[in-house]
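Fit the two chains together into the complex; they arrive one by one in their own frames, and the hints show the way.
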Amino acid sequence: MRSDVSLYDLSAPPSLDAALAILAKEPGKYTPIAGGTELMVALGVGRLVQHSLISIQHLRELRFIRVDDKAIHIGAGTTFTDIRRSQAIAEDLPLLIQSASWTGSIANQNRGTLGGNICNASPAADTPPALLAYGATVRLISASGTRTMPYSDFHLGYKKTVLRPDELLHSISVPRDFSDYRQYIRKVGTRNAQSISKIALAAIAKLEGDTIADIRLGAASLTDRPVRCSATEAALQRQRIDGANLDATVRAARAALATEAKPIDDIRSTAKYRAAVAANLLEEFLRSL
Amino acid sequence: MSQSKPILGASPLRKEGRAKVLGAAKYIDDQSLPGMWHGATVRSSIARGIICSITFAPEIDWEQFAIVRASDIPGENTIVHLTKDHPCLAESQVNHPEEPILLLAHPDKTALLAAVRGVRIEYDELPGVFTIEESEAAVENNDAERIIWPGSDAGGTANCFKQYLMYSGEANETEDGLAAAFEAADFIVEEEYHTGAQEQLYIENNGVIAECNKDALGNVSDVCVRGSMQCPYYVVHALTLIFNLPEEKCRVIQVETGGAFGGKEDFPSVIGSHAALLAMKCGHPVKITYDRAEDMAATTKRHPSRTRHRTAVSKDGKLLGGTIDVAIDGGAYATLSPVVLSRATIHSPGPYKWPHIRVRAKAMATNIPPHGAFRGFGAPQSLFALERHMDKIAKTIGLTPEELRRRNFLGTGDRTATGQLLNEPVDMQHLLTRALQESEYHEKLARFAEENKHSTIKRGVGFASFMHGAGFTGSGERRLNSLVHLDVLEDGRPQILVSSTEFGQGTNTILCQVAAQTLQLPYEDILIAQPDTSVVPNSGPTVASRTAMIVGKLVERASHQILATLREQEDLPEEHTREQFIAAAQSYRAKHGSLRASVRYEPATKIYWDDELYRGDAYPGYAWAVYVAEVAVDLNTYMATVTRFDALQEVGLVMHPVLAKGQIEGGVAQGIGYALYEKCVWKEGRMMNNQMTNYIMPTSADLPPIHVHFEEVPSIHGPGGAKGIGELPMDGPAPAILNAIENATGIAFNTIPLLPEDIFERFTSFTEPAHGGSEDFDPTHLGEFLPEAVA
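Heads up: the protein sequence lines correspond to chains A and B, in order. As numbered in my numbering, residues 1253 to 1541 make up the first sequence, in order. As numbered in my numbering, residues 234 to 1024 make up the second sequence, in order.
Honestly, the hints are just simulated from the structure, not real lab data. Quick caveat, the model's predicted, so the values are computed rather than measured. For each residue, glycine too, the CB sits at the ideal point set by N, CA and C. Hints are not guaranteed to be accurate.
Said to hold, decoys possible - The list that follows gives simulated cross-link-like pairs (lysine to aspartate or glutamate, EDC-like), each with its CA atoms no further than 20 angstroms apart: (1) K1281/A with D1418/A; (2) K1514/A with E994/B; (3) K628/B with E425/B; (4) K1524/A with D867/B; (5) K916/B with D1518/A; (6) K551/B with E423/B; (7) K253/B with E757/B; (8) K1514/A with E990/B; (9) K916/B with D1517/A; (10) K1524/A with E994/B.
Claimed, not checked - To give an idea of the interface, some chain A residues facing chain B are shown, with a C-beta separation under 8 angstroms as derived from the structure: (11) R1254; (12) D1256; (13) V1297; (14) V1440; (15) T1442; (16) R1443; (17) N1444; (18) A1445; (19) Q1446; (20) I1519; (21) R1520; (22) S1521; (23) T1522; (24) Y1525; (25) V1529; (26) E1536.
Extracted from the complex, chain B is given alone in its bound form (with noise of 0.2 angstroms):
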């Protein structure tokens, strides 16, 4: 072997950061095209109604521009999801402020903002929903006005786009085991919780250049889109249903990236389309950037949520049975919600043993823009919600939040609420511990206890429990059937070909790394293509924290073949060195004119699920974590600020140490952005704080120190044992931060984002039993530092 050292989980330069570094790197926005245009969007002024009349301000010359209608769509009017309710423009009516309705392009991006606002659209308004409360209402009250989305034949209903009904066994029999779990219960708590929307804040705003070819009758031959995204293939799809043309017409090149959390998963699909229709409309390249204004009340946010939980627990602390209620707000059309919504299903009973369980969930409709994915998909959501409820449990009958999680954690050889099978090693009771020394949480319980007394600030610890599941979920990942190319070139280096994209996280780098690890090369010999899919086949979205165990496992498998390959036909010893691999590759290349490997996704297990039932292996594997909270929150000013993160994950193999420390940092971060900062404030479905002044993300001056611990249990699913982190983070910091929260003051807040101005209005209504109940206030924790203005 010519390497010393192992590359994987050393921490190699990115293989696209000096480029980034010096400022090289061609964003979308850094490109053009020759004759290229500059295309602009017309929006809807309201959240719902019928389109009555479009007419065009007399002052502008309108045949210098290139005007785009629905009409116009040469195959379906659709952004193709799941379903076909999302159409590519609306045509005869609005249902979410900010709505495309007109596309224009011109040679000069400047001309476009006065006609922008020289379209001028009349509508007949109709009432609008806007929460999901509003939603349930009309559909409980069966009021056909506010009944905003009718139902699909993908398994909608009126105005919800999807249901799930998750039991931990057979239906009658669960029913029973909870009906009994509850009769036999020592203690039933119950609480409901919220959280509320998220922008993904990348970077790099949405942006893309389309070109478009006719034949010589006219009609279009093929398009071809490049742009910021993270799912070459999905944009393909839609680009098929909107010009009716096989995918390979449908060329789509992801360019540098910055930043997509989930942002660019599904909304390429819609700019990447309307830039495409100006492109076939003008003649001409189009791009379409939006700034941050556009992009921030245009595209798409993570769903707001409702959860509610019933638990039955004995007195020596033991979960019995429970029912979760999870609602997520879905927008007006269904794009991404139903599988939004099964990882918060699946994820809502987090890693504990219940005896009987039942999960329903809905996705429901508001005339808002869609939500879509953002970094935990669902599953931040309902894990914030049982993480505070483990907390509301313990304290509900007297046992510590750690007693009441050591004694129902899951561990190997038990099942999952799904039935999966944990034969993998699991051990969240030495994270706990670990997690619990690495904080030194014992030591500030105590601390803070005595110290709080005598401040204004008062401080505390919390954790969350939690785990992440890596890739598609159940049968997801053997629908999509992913395929991986590897090559090596004429000098002899082997180029890895895969639609998995680049967008920050480290894609390039990990599957570089793998490759290299697996054929026994330097790092640097290796060579990923760029996502363009004429060229690279469809390894899947990059999505699902899937990319390096799922695809990742694919490069090695790859790898593994031409090693095979080189061996068998080429003699390359079991050992081998640079020079001698470069030797066997050319001499086979001599021979056949190329050397490649494909390799297609297989299960290294069998994985079994059931879609209807909602019961079996959810996940391929799942990386385990405990974090830890430090807080102080301010009674001069209700402010809360974290004080100090500790983040312990078990994620298999740690690929890349500098990049897998990043990625647990950049998700505690924006997981406190969830927890404390981030709200988005809508009026009638429109956000009104759609610029950084305005949208409170935290600053490195709010963030405080965060330290990342990684614990490493090989699993066979992915490429040297690694697991998916890229989601994990997300989940943890916004229950661990309010339940710290809760221990500083003594208040329960189940409500995210969670504002000083909130904090106040509890702090000064406490006579009045709000949101949280009996325990809403302790006195006690406050003593005589009570501000005067409530006393």
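With the rest of the complex left out, here is chain A (with noise of 0.2 angstroms):
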């Protein structure tokens, strides 16, 4: 433990209203903290900057799994857990599900939550791409109301949100009707578990015939935030995927995504690989259609 516990205050009002009381009372003053997996861990190697917290890990309001004919509305304080578990989820959104197992160990499955994951808006998050690709939106709550907006529209830059200082996310909204859409997702790891991303990728795609009439995709660690590779899509609408036209897809696939995959050389990878990669999973989705 590299800090002084004694110099951080925690506060754990008892309900959402009093969350957002406080956060409009002083904004900016606080920093949210629900199952810490993040805040934890830099707290350990004394390097959180934030001094004082305000536990949102304990409300109810916040954790929850609903459906309706639609959609499925996720609570931001819903665990990885909880969306393992959840059959909804499993039967309407298997990339989610997918994306939920990776995250770092059971025991950090257990208390980390998909609003945290989205909110500490790290561009190698696990369950962003799935989100992106689903075309997911987000709920915004403060004191003074809510707003909505797609997800695509959260992520400003690195590590950087439309989150205002006294809002929280409430609650993510993914559509549930993807039963004619072919599903696609792959982490590229330094390793197979307890990892962070290298390059993750996930797509969603509806044929018809061996035309590719819609598709979507969302990325991790592919930009300094995940990111909807809306160029590439729009190079991909429209395009043929029978035998004759296939490489000719696969080619312009790669091609755009080229121009929007702006990676980053770190201590897990480099930017030249993790272009390339991303091309490559890209290009095993459309040889997989």
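If you want it as structure tokens, here you go:
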């Protein structure tokens, strides 16, 4: 433990409203903490700069999985384990289940939350690619009201989001009906478990015969934030994947992805490797259609 | 005999297993002493430079702290290993990042966090060298600024801690023989191989608690260090110099130790000395425990290496002669590098007949924290090079890897490269046959070649043949002169007294098995004393795969001695019951007050070794092995995964099948990490990935089924015929895996760790021949599945 815990304070308001009131009173003073799987690591190594924490881990209002006709609504305080155990998510959103299983260890999954995974805003986070491919929307809440937006607009840059200091992520809503889509997800990490993504790609596509009618791609560690690959999607719209045209389609896809991939060199991998493997994963998906 | 079944060769519960499983075992950080303070280390922030000033932040009340500087050391400022170049605390100059400069202690551990940051040290920076090549270049260019280590009276020269020159015969004759061999050779095969540093990653970080007493004049009268360690008497030796005290005034106690792998061979002398100095200064017991980040950044790792082979071969696959040049990176101080280099040197020719061979080896200085002992101790480095090179030779001359080895294996009655006569049975031919059968090698070779044509996942098989010498090198065991006591206590139960330590590998259990077997008593009756140097004799360090064979043999001899005494003087029958033994022992004790057998090491056969010429009987015994790896290389991700592993070894006698299998499985897992995952990222001598998130150790999800097979050919050197196996499994996996990757992809990789990024680079840069030269890339292995990015 490289931090002096006596220099930190933590409050645990009894309700969501109380938490929002505290955030509204002194915006920016408090950092929300849910499962703590990121912040406690920073505390342990002496690098947690935020000294006032507000716990939202216990707030029942944020921990739910609700299913209606059109969508599955997942509270920001829902844990990875909750997600992995949800029958509804397993049936409708297999890529989300898969990505939840990647995160850390079982102990991490028992504490870590979907909201934390998104708000921590790591470009390498496990669940965003699936949520981006599925076209999720996010609901943000503050003492002054709520707002809803496409999740693809949520991330503004490296570890930067649209979230205001007085706001919390309330829930993520994911459309349900992907039964006629082909679905693909793959994480390339530093090892097969307890690893951080070098690159990850989630992809869904709907075919009309040999033609791509709709395709959506979400990626991790491809840019400074979790990203939906809109240019590549556009390039693939209405492209043919039959034997005669597949190679051309794959080439177009790789070229388009290269224009929007902006990976970096870091301690885990290289930009060149990330860009090439992202393209290989996309090709793997296209050839599997 | 009271036992129906032999206990040696059975798998009784570990002696300390119950306490560990129940969480009752007390590791050092579970322990506390009355009035105990906590210690911390202020370390250098640069790799090399002169210390200009040390100032203390005014906002901290330094009166509350004990502060130890180099000038406070009552004896010599040195951590003694083979030479005295390694200071306990840097005085005027630092030579690597994270070098200890000051020590602080305070009753409250938390207070140390700000205090360590509050010590400001200014330096006049000096240029550093960070690789073997930079260190060599400084010597070649006579670059005085970059001569970072001056030499020593123990044989070192500028920037070079130690050199060996080993010939397979008389020097001039061998040189003549080599010249003739290269002249006559049908093929000359040359290559260079590299291995990286590796962190031991014991579960428990380094930690100790020290106490210090003073006499009426205020001088230190005695010190006591307890902690996590392999070699209590090494720490005693270090303390005698630091405090200028006789051995009996430096007491060292090993407590339950959570893994070591060599990482607690030399390093506890450092942290133990530090804690004892703080205890001296503050007048309280002092505990120092490192967290993972400090342990990884500041303590020892496996030596990185570079090995060059040049081999003369006939067209029918006979090795005619060879030269091997081994260089290891020792870090900033000599520490154990000369002995690590020795093992690398002796193992570099492997289990083969070399009519003429010359091995040149050297350990170079760099401004990196000193590299140290790690399971295998130099052998994994030189055997990686050799076993990759054997595959290269085979490919060059058009033989299979199997056939090339078969034509050159050592056998019973042959002499090794050091001239050692193998008079105990050795059958590498049989080991290879069985290993290839167990792993279905030939069947897979054919099947994968076919399947790979139609898959982006390329699969392959490869193997490595090798041996590992058990015990200290050459005359080492004789010099150690190990002593073992065996007491019989008042209740008639025998108690083993050794300084050999348990750190997860099974020392307690196997030594008790040996005593139980020999004394014809139940295993449960045998006790083993906690290694406390005020009680146990010096049975040598717990290293070098020596405990089972060397110390086990001493326990066996001590047990025989007890029996002889009781038979002679108490008429104990040849076949006795437990009750008869206890009665005889108690009767003897009633007359004599105690019953103890003490035995010292004696070689089972005459062992000849010449330290000057590096000739003779290098090790008392060898374990022999063939390891087979099966891999899959995914061309979408360039990740190589080991999909099955077969480890066959001849170990003399399997003393405890469960523990022995565990040793092999653990070593193979560590070897897989060494080959494919674990990379130390250095920047100016500092480890940048000193956390387990970024230093990638394989998890169970990355490891294949590991099939462990044993052969038993009893050796006269060990108890019941046992030989050492602790380090052996570290030697084979890396070359077997890279041989399998070459089989899968057609690409020869000669550097480990081999990460997906490295495989990617080779796949995407094959147009310009890279490291592997002409055999770099064979496009036929890729067929139409060449990734488009490179097409």
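Cross-check of the supplied hints:
1. Pair hint K1281/A plus D1418/A holds up; C-alpha atoms about 9 angstroms apart against a cutoff of 20 angstroms.
2. Distance check on the hinted pair: K1514/A and E994/B sit about 19 angstroms apart at the alpha-carbon level, within 20 angstroms; holds.
3. Between K628/B and E425/B the alpha-carbon distance is near 16 angstroms, which keeps this suggested pair within the 20 angstroms criterion.
4. The straight-line distance between the Cα atoms of K1524/A and D867/B is roughly 17 angstroms, inside the 20 angstroms bound, and the hint therefore holds.
5. The hinted pair formed by K916/B and D1518/A meets the criterion: a straight-line CA distance of about 13 angstroms does not exceed 20 angstroms.
6. Simply put, K551/B and E423/B have alpha-carbon atoms about 16 angstroms apart, close enough for the 20 angstroms limit, and the pair holds.
7. Taking the CA atoms of K253/B and E757/B, the gap is near 17 angstroms; set against the 20 angstroms cutoff, the hint holds.
8. Between K1514/A and E990/B the alpha-carbon distance is near 17 angstroms, which keeps this suggested pair within the 20 angstroms criterion.
9. Distance check on the hinted pair: K916/B and D1517/A sit about 15 angstroms apart at the alpha-carbon level, within 20 angstroms; holds.
10. Of the supplied pair hints, the one linking K1524/A and E994/B holds, its CA atoms being roughly 9 angstroms apart against a limit of 20 angstroms.
11. Satisfaction of the interface hint for R1254/A is found here, the shortest Cβ-Cβ separation to chain B being roughly 6 angstroms, below the 8 angstroms cut-off.
12. Nearest Cβ of chain B to the Cβ of D1256/A: about 5 angstroms, under the 8 angstroms cut. The hint holds.
13. A distance limit of 8 angstroms between C-beta atoms decides the matter here; for V1297/A the minimum to chain B is near 6 angstroms, and the interface restraint holds.
14. Satisfaction of the interface hint for V1440/A is found here, the shortest Cβ-Cβ separation to chain B being roughly 5 angstroms, below the 8 angstroms cut-off.
15. Of the supplied interface hints, the one on T1442/A holds, with its beta-carbon coming within about 5 angstroms of a beta-carbon of chain B, less than 8 angstroms.
16. Because the beta carbon of R1443/A sits about 5 angstroms from the nearest beta carbon in chain B, less than 8 angstroms, this interface hint is met.
17. For the restraint placing N1444/A at the interface with chain B, the shortest Cβ-Cβ distance is roughly 4 angstroms, inside the 8 angstroms limit, so the hint holds.
18. Look at A1445/A: its Cβ gets to within about 4 angstroms of chain B, closer than 8 angstroms, so that hint holds up.
19. At a threshold of 8 angstroms, the smallest CB-CB gap from Q1446/A to chain B is about 6 angstroms, leaving the interface hint in force.
20. Hint on I1519/A holds. Least Cβ distance to chain B is approximately 5 angstroms, under the 8 angstroms limit.
21. The interface hint given for R1520/A holds, since its Cβ lies 7 angstroms from the closest Cβ of chain B, which is under the 8 angstroms cut-off.
22. Below 8 angstroms, beta-carbon pairs count as interface contacts, and S1521/A has one with chain B at about 6 angstroms; its hint therefore holds.
23. Contact between T1522/A and chain B, as hinted, is supported at the beta carbon level, the nearest pair being about 5 angstroms apart and thus within 8 angstroms.
24. A least Cβ separation of about 5 angstroms between Y1525/A and chain B falls short of the 8 angstroms threshold, and the interface hint therefore holds.
25. For V1529/A, the suggested interface contact is upheld, since its CB lies about 6 angstroms from the closest CB of chain B, less than 8 angstroms.
26. This hint holds: E1536/A has a C-beta 5 angstroms from the nearest C-beta of chain B, less than the 8 angstroms allowed.
Taken one by one, the earlier hints all hold for this structure without exception.
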